[in-house]
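Engineer: As a plain string of letters, each chain reads:
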Amino acid sequence: MEYLIHLAILFSIYGILSLSLNLIVGYTGLPSVTHAAFYGIGAYAAAILLVSYGMNFFLALFAAIIISALVALLIGLILSKFDDDYYALASFGFNIIIFSIFLNWQGLTRGPLGIPGISKPVLFGLDFSSNLLFLILSLIFLAIIYFTARFIVNSSFGRVLKAIREDETALQVFGYNTLYYKLAIFVIGSAMAAVAGSLFASYITFIDPSSFWLMESIFILAIIILGGLSNLKGSLLGALFLILLPEILRFIGLPNELAAQMRQVIYGIILILLMLYRPQGLVGEYKL
Amino acid sequence: MDIVPQLILNSIIAGAIYALVALGFNLIYGATKFFNLAHGVVAAIGGYIVFYLSKTLGLNLYLSVATGVLLAGFAGYLLDKLIYLPLRRKKASNMILLVASLGAFTAIQAIIAIVFTSQFQTLSRNFGSQKIFEVSCPVALRSICYGVGGVITQTQLIIFISGMVIMGALVIVLKKTMFGKMVRAISDDEEVARIVGINTNKIIGYVFFIGSAIAGLAGILVGFDTGIEPTMGMNLLLKGVIASVIGGVGNIYGGVLGAFLIGFVENFGIWKISGEWKDAIAFAVLIVFLIFRPRGIIKK
Chain E
1 MEYLIHLAIL FSIYGILSLS LNLIVGYTGL PSVTHAAFYG IGAYAAAILL
51 VSYGMNFFLA LFAAIIISAL VALLIGLILS KFDDDYYALA SFGFNIIIFS
101 IFLNWQGLTR GPLGIPGISK PVLFGLDFSS NLLFLILSLI FLAIIYFTAR
151 FIVNSSFGRV LKAIREDETA LQVFGYNTLY YKLAIFVIGS AMAAVAGSLF
201 ASYITFIDPS SFWLMESIFI LAIIILGGLS NLKGSLLGAL FLILLPEILR
251 FIGLPNELAA QMRQVIYGII LILLMLYRPQ GLVGEYKL
Chain S
1001 MDIVPQLILN SIIAGAIYAL VALGFNLIYG ATKFFNLAHG VVAAIGGYIV
1051 FYLSKTLGLN LYLSVATGVL LAGFAGYLLD KLIYLPLRRK KASNMILLVA
1101 SLGAFTAIQA IIAIVFTSQF QTLSRNFGSQ KIFEVSCPVA LRSICYGVGG
1151 VITQTQLIIF ISGMVIMGAL VIVLKKTMFG KMVRAISDDE EVARIVGINT
1201 NKIIGYVFFI GSAIAGLAGI LVGFDTGIEP TMGMNLLLKG VIASVIGGVG
1251 NIYGGVLGAF LIGFVENFGI WKISGEWKDA IAFAVLIVFL IFRPRGIIKK
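Chains E and S, in that order, give the protein sequences.
Going by our numbering, the first sequence opens with residue 1, and the numbers climb by one from there.
Going by our numbering, the second sequence opens with residue 1001, and the numbers climb by one from there.
Quick caveat, the hints were computed from the structure, so don't treat them as lab data.
Mixed in with the good hints, there may be bad ones.
What the hints assert, rightly or not - From chain S, some residues computed to sit far from chain E (all C-beta separations above 10 Å):
| # | residue |
| --- | --- |
| 1 | Thr1056 |
| 2 | Thr1067 |
| 3 | Tyr1077 |
| 4 | Leu1078 |
| 5 | Lys1081 |
| 6 | Ile1083 |
| 7 | Gln1109 |
| 8 | Thr1122 |
| 9 | Gly1150 |
| 10 | Ile1172 |
| 11 | Arg1184 |
| 12 | Phe1268 |
| 13 | Ser1274 |
Claimed, not checked - Below, computed lysine-lysine pairings styled on DSBU-like, alpha-carbon distance capped at 30 Å:
| # | chain 1 | residue 1 | chain 2 | residue 2 |
| --- | --- | --- | --- | --- |
| 14 | S | Lys1090 | E | Lys233 |
| 15 | S | Lys1272 | S | Lys1033 |
| 16 | S | Lys1272 | S | Lys1176 |
| 17 | S | Lys1091 | E | Lys287 |
| 18 | S | Lys1081 | S | Lys1176 |
| 19 | E | Lys162 | S | Lys1278 |
| 20 | S | Lys1081 | S | Lys1175 |
| 21 | S | Lys1175 | S | Lys1202 |
| 22 | E | Lys287 | S | Lys1033 |
| 23 | E | Lys81 | S | Lys1176 |
| 24 | E | Lys81 | S | Lys1091 |
| 25 | S | Lys1278 | S | Lys1033 |
| 26 | S | Lys1033 | S | Lys1055 |
| 27 | S | Lys1091 | S | Lys1202 |
| 28 | S | Lys1278 | E | Lys81 |
| 29 | S | Lys1175 | S | Lys1278 |
| 30 | S | Lys1091 | E | Lys162 |
| 31 | E | Lys287 | S | Lys1278 |
| 32 | S | Lys1272 | S | Lys1202 |
| 33 | S | Lys1090 | S | Lys1176 |
| 34 | S | Lys1091 | S | Lys1033 |
| 35 | E | Lys287 | E | Lys233 |
| 36 | S | Lys1278 | S | Lys1081 |
| 37 | E | Lys287 | E | Lys162 |
| 38 | S | Lys1175 | E | Lys162 |
| 39 | E | Lys233 | E | Lys162 |
| 40 | S | Lys1090 | E | Lys287 |
Beta carbons: idealized from backbone N, C-alpha and C, even for Gly.
Please build the complete structure, drawing on both the sequences and the hints.
Structural biologist: Here it is as structure tokens:
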């Protein structure tokens, strides 16, 4: 049972990450490969505030969202100069730069040693240290993110985003300043990733830079491409599938080290096969 | 001994390796116009084949290296035939090709780790006892630069020489041969090249073979210089890509120029700050270039 709860918590964390990335990649068509950086910024901000300043989790979460949004504003401004493959490449670069900061700004992040002893959330005397309660908390966050995302994509703002994806020049001709829209959704998506990061830090109680490496961004991208771009339910489906996959590998008795590598092999092959035969993913509405 | 000459030497060696990766990458980009991310893992394939043949089976070193280069080229050729060619036939967008190559990268890297473990291995048999050359001030210039010099290993010398030789050979092939003309025609406009009767898919297959073989050689040389590990492909790829982009993507001279620039910036950057920042420095340079000079030093 504990094990199922653990999987469900992971699912909600990755659900949040994939929903938010889908807003950026799927709906707006910005091929960002830097989501793990904002996931990491959220996790580090929350962890540092919780451990060094003893702040309440929910305040720390709020601060993490703000910090992530500010960094996203800066990075988004630079990224907005590029499109397509150059966008992907530059966003790659930002993931690596931010990873280097996690690794090397030892005064703040303790570098490769990581930050241990991150506390669990407490709200009005209610302690979320049992996994079941933590699951409920993360599901609540997942629901909030899901409905926010749904609200965004169904609003007129969301329609502009989809129009940017289809034909940005046409939209500019109609007088829309597409830069603001692209920037806004990048900031929103990154702020959402910080929620996932804070939950992750508090749940695992230990973070180190390795969780936020480029491969993590690729993993989240694989989730949304598998589930389907421009479809929120698809993101959840993709997250569920790719979270369960390694567990299935473990059940058939592969040793841990081998299972970890097999997972990568399968992610890779899934990406190739999807691109060859079903570039819109399982239930997606948009092809790259 | 002053540190600057040694830094210059290190920069040149790093630049030569990145140049090899960038050469192949640019060649492939020129013909296909997409970022082939699997290029990095092809370099790792080269390194590991030499590791298997020469250290596990104990085969002759030169034979192993030649096989490694050829098989790396063949790996690139297969990637094209199995993945990229079907995608191109479907008129897939660059992003689809990029994601597919990312998938190939992830899968192959993990397969290497499964077969050879993720441990760091070195290719040279007589590790630590290889010849070291001192590079110092020429006698004629003693009055200006007395005592200035640094050391490079035999491997590093080979890296530098092969980098230069391959670049020269590639330029000659592209400029002087019929094959080179066809490659350049495809780089200019694939559609028109096909109309005038060039079998573009066949030529692109060869381009993948040549580009990947050069990448394989880069992987092998890195293996002799420092060592190999399954994740080495990512580092080589990123540096090669950065070099190509800041030099002018699709332009082979530009790629080489960019590679040496990155080599210098990286090595001089860590003179004052910790070596861990190398990657961040390289990407910062990339992003600065993308903002201010997006088509690279040499525009195409």
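Engineer: All hints, please: hold or fail.
Structural biologist: Evaluation of the provided hints:
1. Thr1056: holds (20 Å)
2. Thr1067: Given a closest Cβ separation of 24 Å, the condition holds.
3. Tyr1077: For S:Tyr1077, whose nearest Cβ neighbour in chain E is about 16 Å away, the distance exceeds 10 Å, so it holds.
4. Leu1078: Holds: least Cβ distance 13 Å, greater than 10 Å.
5. Lys1081: holds (13 Å)
6. Ile1083: violated (6 Å)
7. Gln1109: Violated, since 7 Å does not exceed 10 Å.
8. Thr1122: holds (22 Å)
9. Gly1150: Holds, since 27 Å exceeds 10 Å.
10. Ile1172: holds (30 Å)
11. Arg1184: holds (22 Å)
12. Phe1268: holds (17 Å)
13. Ser1274: Per Cβ check, S:Ser1274 is inside 10 Å of chain E; nearest 6 Å; violated.
14. S:Lys1090 to E:Lys233: holds (28 Å)
15. S:Lys1272 to S:Lys1033: Violated: S:Lys1272 and S:Lys1033 sit about 38 Å apart, past 30 Å.
16. S:Lys1272 to S:Lys1176: violated (45 Å)
17. S:Lys1091 to E:Lys287: Given that 30 Å is the threshold and the Cα spacing comes to 12 Å, the pair holds.
18. S:Lys1081 to S:Lys1176: Answer holds: S:Lys1081 to S:Lys1176 is near 27 Å, not above 30 Å.
19. E:Lys162 to S:Lys1278: violated (38 Å)
20. S:Lys1081 to S:Lys1175: Holds - the C-alpha atoms of S:Lys1175 and S:Lys1081 are around 26 Å apart, at most 30 Å.
21. S:Lys1175 to S:Lys1202: It holds: about 19 Å lies between the C-alpha atoms, which stays within 30 Å.
22. E:Lys287 to S:Lys1033: holds (19 Å)
23. E:Lys81 to S:Lys1176: violated (39 Å)
24. E:Lys81 to S:Lys1091: holds (26 Å)
25. S:Lys1278 to S:Lys1033: The given pair, whose Cα atoms are some 28 Å apart, holds under the 30 Å limit.
26. S:Lys1033 to S:Lys1055: Between S:Lys1033 and S:Lys1055 the Cα gap is close to 38 Å, so the pair fails against 30 Å, i.e. violated.
27. S:Lys1091 to S:Lys1202: holds (17 Å)
28. S:Lys1278 to E:Lys81: Holds, at about 25 Å.
29. S:Lys1175 to S:Lys1278: Not OK: S:Lys1175 and S:Lys1278 at ~36 Å, beyond 30 Å, violated.
30. S:Lys1091 to E:Lys162: holds (22 Å)
31. E:Lys287 to S:Lys1278: violated (36 Å)
32. S:Lys1272 to S:Lys1202: Violated, because 49 Å separates the two Cα atoms, which is more than 30 Å.
33. S:Lys1090 to S:Lys1176: violated (33 Å)
34. S:Lys1091 to S:Lys1033: Given pair S:Lys1091, S:Lys1033 holds - Cα atoms ~13 Å apart, limit 30 Å.
35. E:Lys287 to E:Lys233: holds (16 Å)
36. S:Lys1278 to S:Lys1081: Outside the cut-off at roughly 35 Å; violated.
37. E:Lys287 to E:Lys162: Holds. E:Lys287 to E:Lys162 sits at ~12 Å (cutoff 30 Å).
38. S:Lys1175 to E:Lys162: With Cα atoms ~46 Å apart, S:Lys1175 and E:Lys162 exceed 30 Å; violated.
39. E:Lys233 to E:Lys162: holds (17 Å)
40. S:Lys1090 to E:Lys287: This hinted pair holds, its Cα atoms lying about 13 Å apart.
In this structure, the earlier hints numbered 6, 7, 13, 15, 16, 19, 23, 26, 29, 31, 32, 33, 36 and 38 are contradicted, and the remaining ones agree with it.
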